[in-house]
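In order, the protein sequences belong to chains B and P. First residue of the first sequence: 1, per our numbering; consecutive thereafter. First residue of the second sequence: 1, per our numbering; consecutive thereafter.
In case anyone wonders, no lab produced these hints; they're calculated from the structure. Keep in mind that a hint or two might mislead.
Stretches of chain B that chain P covers, calculated by requiring three or more beta carbons in the stretch to come under 8 Å of a beta carbon on chain P [stated by the list, open to error]:
no.	region
1	9-17
2	78-85
Facing chain B, according to a computed beta carbon distance under 8 Å, are these residues of chain P, among others [claimed, not checked]:
no.	residue
3	Arg-24
4	Ala-199
5	Gly-202
6	Glu-308
Keep in mind it's a predicted model, so treat the numbers as computed, not measured. For each residue, glycine too, the CB sits at the ideal point set by N, CA and C.
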Amino acid sequence: MNIKQWSMEPLGDSALLITPRMDSGEHASMHTVISRLIARLEACREWLGYSEYVPAYASVALHYEPWRIFRSRTREEGAHASIFETVAARVRRVLKDSGPYNENLQPERRECVEIPVCYGGQHGPDLEEAASHAGIAPEKLVAIHSSASYLVHMIGFAPGFPYLGGMPQEIAVPRRATPRQLVPAGSVGIGGSQTGVYPVATPGGWQLIGKTPIKLFRPDMSRPSLLQAGDIVRFKPISEKEFYEIDTQM
Amino acid sequence: MSILIIKPGLFATVQDSGRFGYQRHGVVVGGSADPAAARAANILVGNDENMALLELTWAGAELEAERDYVVAICGGNMEPLLDGEVCPMWRPFLMRAGSRLLFRKAISGYRSYVAIAGGIDVPLVLDSRSTYARAGIGGFQGRALMAGDRLRALPLDEGTRGERLMAQLHSGGFATTWHAGHFAAVSRDITVVRAMEGAHFGMLKEASRRLLLDSVFRVGVQSDRMGCRLEGERLELDGSQELLSEAVTAGTVQLPSGGKPIVLLADRQTTGGYARILSVATVDIPVFAQLMPGAKLRFVLISHREAEELLLESERDFNLLKAAVGLKIREGVQVGL
Chain B
1 MNIKQWSMEP LGDSALLITP RMDSGEHASM HTVISRLIAR LEACREWLGY
51 SEYVPAYASV ALHYEPWRIF RSRTREEGAH ASIFETVAAR VRRVLKDSGP
101 YNENLQPERR ECVEIPVCYG GQHGPDLEEA ASHAGIAPEK LVAIHSSASY
151 LVHMIGFAPG FPYLGGMPQE IAVPRRATPR QLVPAGSVGI GGSQTGVYPV
201 ATPGGWQLIG KTPIKLFRPD MSRPSLLQAG DIVRFKPISE KEFYEIDTQM
Chain P
1 MSILIIKPGL FATVQDSGRF GYQRHGVVVG GSADPAAARA ANILVGNDEN
51 MALLELTWAG AELEAERDYV VAICGGNMEP LLDGEVCPMW RPFLMRAGSR
101 LLFRKAISGY RSYVAIAGGI DVPLVLDSRS TYARAGIGGF QGRALMAGDR
151 LRALPLDEGT RGERLMAQLH SGGFATTWHA GHFAAVSRDI TVVRAMEGAH
201 FGMLKEASRR LLLDSVFRVG VQSDRMGCRL EGERLELDGS QELLSEAVTA
251 GTVQLPSGGK PIVLLADRQT TGGYARILSV ATVDIPVFAQ LMPGAKLRFV
301 LISHREAEEL LLESERDFNL LKAAVGLKIR EGVQVGL
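Working from the sequences, and respecting the hints, build out all of it.
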């Protein structure tokens, strides 16, 4: 990988955060660097000995069990001042050994996922208000929202909840003054300059402009989040009739 | 033939050691809020440490056995009564068919763990039996327990520790003479919690840094399995640097803009965007799980290295307990209790 500097800091006593220090001459986007880092970590999982990783906008956390790392230390690693240092040294070696990023190691997975959305009406009770905030007609807001491509930066906040980047700023609207006690699962909302989909019913303060009948959180599947960091999302407007057709199939 | 929930008390759920491997899907780890007490309870009844058990909160739970079970209660002391008689904690005992176990009110701690030999039989969801109520998955039908719910235990295979214990307790005595009382947390007027500096400790104003380490905080009433909200002196960050959301973990102490710290516990979200001012040492997370709303605490700084050492030491303690319990159960077979 062509990143010169990686910072490694403890996150509590059982995890560490890996953060690329990008210099101004760096051409790859932060997102590309993170997804390459993940590919590297996955390829060396056994040797690194971590239990799971959690990617975010600009860092990746490795969670590990200190006891397991302690017991798997080599004689050389036994000289390390701490277990954290052993994990950090292993990560550094993985990043250094691999040299420049090898495209054949693991191709960057970038799926394009289309999410059908029934905008407005009972499914998007705030569409009119959001449109009037933005100073445009509701149809125009829908057209703008559904014509953009969004990058999934990370999954967090709730199971399967995507932090999306790329919303056109002309449809940015403030959050609701009073958050709703319960936003139904599948609701599509705008909050400030962000848009997203609520995979499960939670309290929430975003303006709800529509709803998708598809499930973003699927606890019966080994990959429970429909979306993964790095995916591209597009929203496709559907009618209420289509909404119920898809809903029944699900 | 099951354990019948007569009353769930304040809040009762089925938990195990947690749902690992799915945090990058936004799925919380969950599991027992006090992992140490849950682990001890499972070891005492001869279970694997990650088996599902009951987590009870504060007061008022009542259970009825519909057949004989080997049970151990660890964690907060809610003065449990077995058919009206004082019931031992931190040691396995026989709960006979038809008997009732009543949890009065916590006199120390806040959460009790009830392990049943065999472990509670609820379906595995994403590799775990712990209840994740927000997503409606895991545990008993994805929710907190209610009066009338019936929980089954997994069968006790022949030759297992649980099966031997059952035979021994049937042949005499009602509880074992041995126990793990030394694992019980000692309650104090002001609990001292060991923590490391968090990544953003340096972003605190000088005065706030002193307040964080010198003043006494109280556990807020809005605390739950997600996090412990602390009431006390208002803490301030120097400047208002926007932080990008990234991973958090159990024990992470976040500081939202209101200035009141939150200590993240079992049901924490996988990522967060607030300043991380401290990290509670993993060995002291059980301490937080056992603090009742209103309880007083203060932080003391330790190094990352010390936190690691404490963690290894606690692993050794649990391995010793496991070995000792195994030995006691084997001895019981040879010489009788």
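Now for the hints, and whether the structure bears them out:
Counting residues of the region 9-17 of chain B whose beta carbon lies closer than 8 Å to any beta carbon of chain P gives 8, which meets the minimum of three for the stated coverage. For the region 78-85 of chain B, the proposed coverage by chain P is satisfied: 4 residues have a C-beta within less than 8 Å of a C-beta in that chain, meeting the threshold of three. With 8 Å as the threshold, the beta carbon of P:Arg-24 comes within range of chain B, its nearest partner Cβ sitting at about 5 Å, so the hint holds. Against a cut-off of 8 Å between C-beta atoms, the interface hint on P:Ala-199 holds, since the closest Cβ of chain B lies about 6 Å away.
Among the interface hints, the one on P:Gly-202 is violated; its C-beta lies about 12 Å from the nearest C-beta in chain B, farther than the 8 Å criterion. At a threshold of 8 Å, the smallest CB-CB gap from P:Glu-308 to chain B is about 5 Å, leaving the interface hint in force.
Checked against the numbered hints above, the structure breaks only hint 5 and satisfies the rest.
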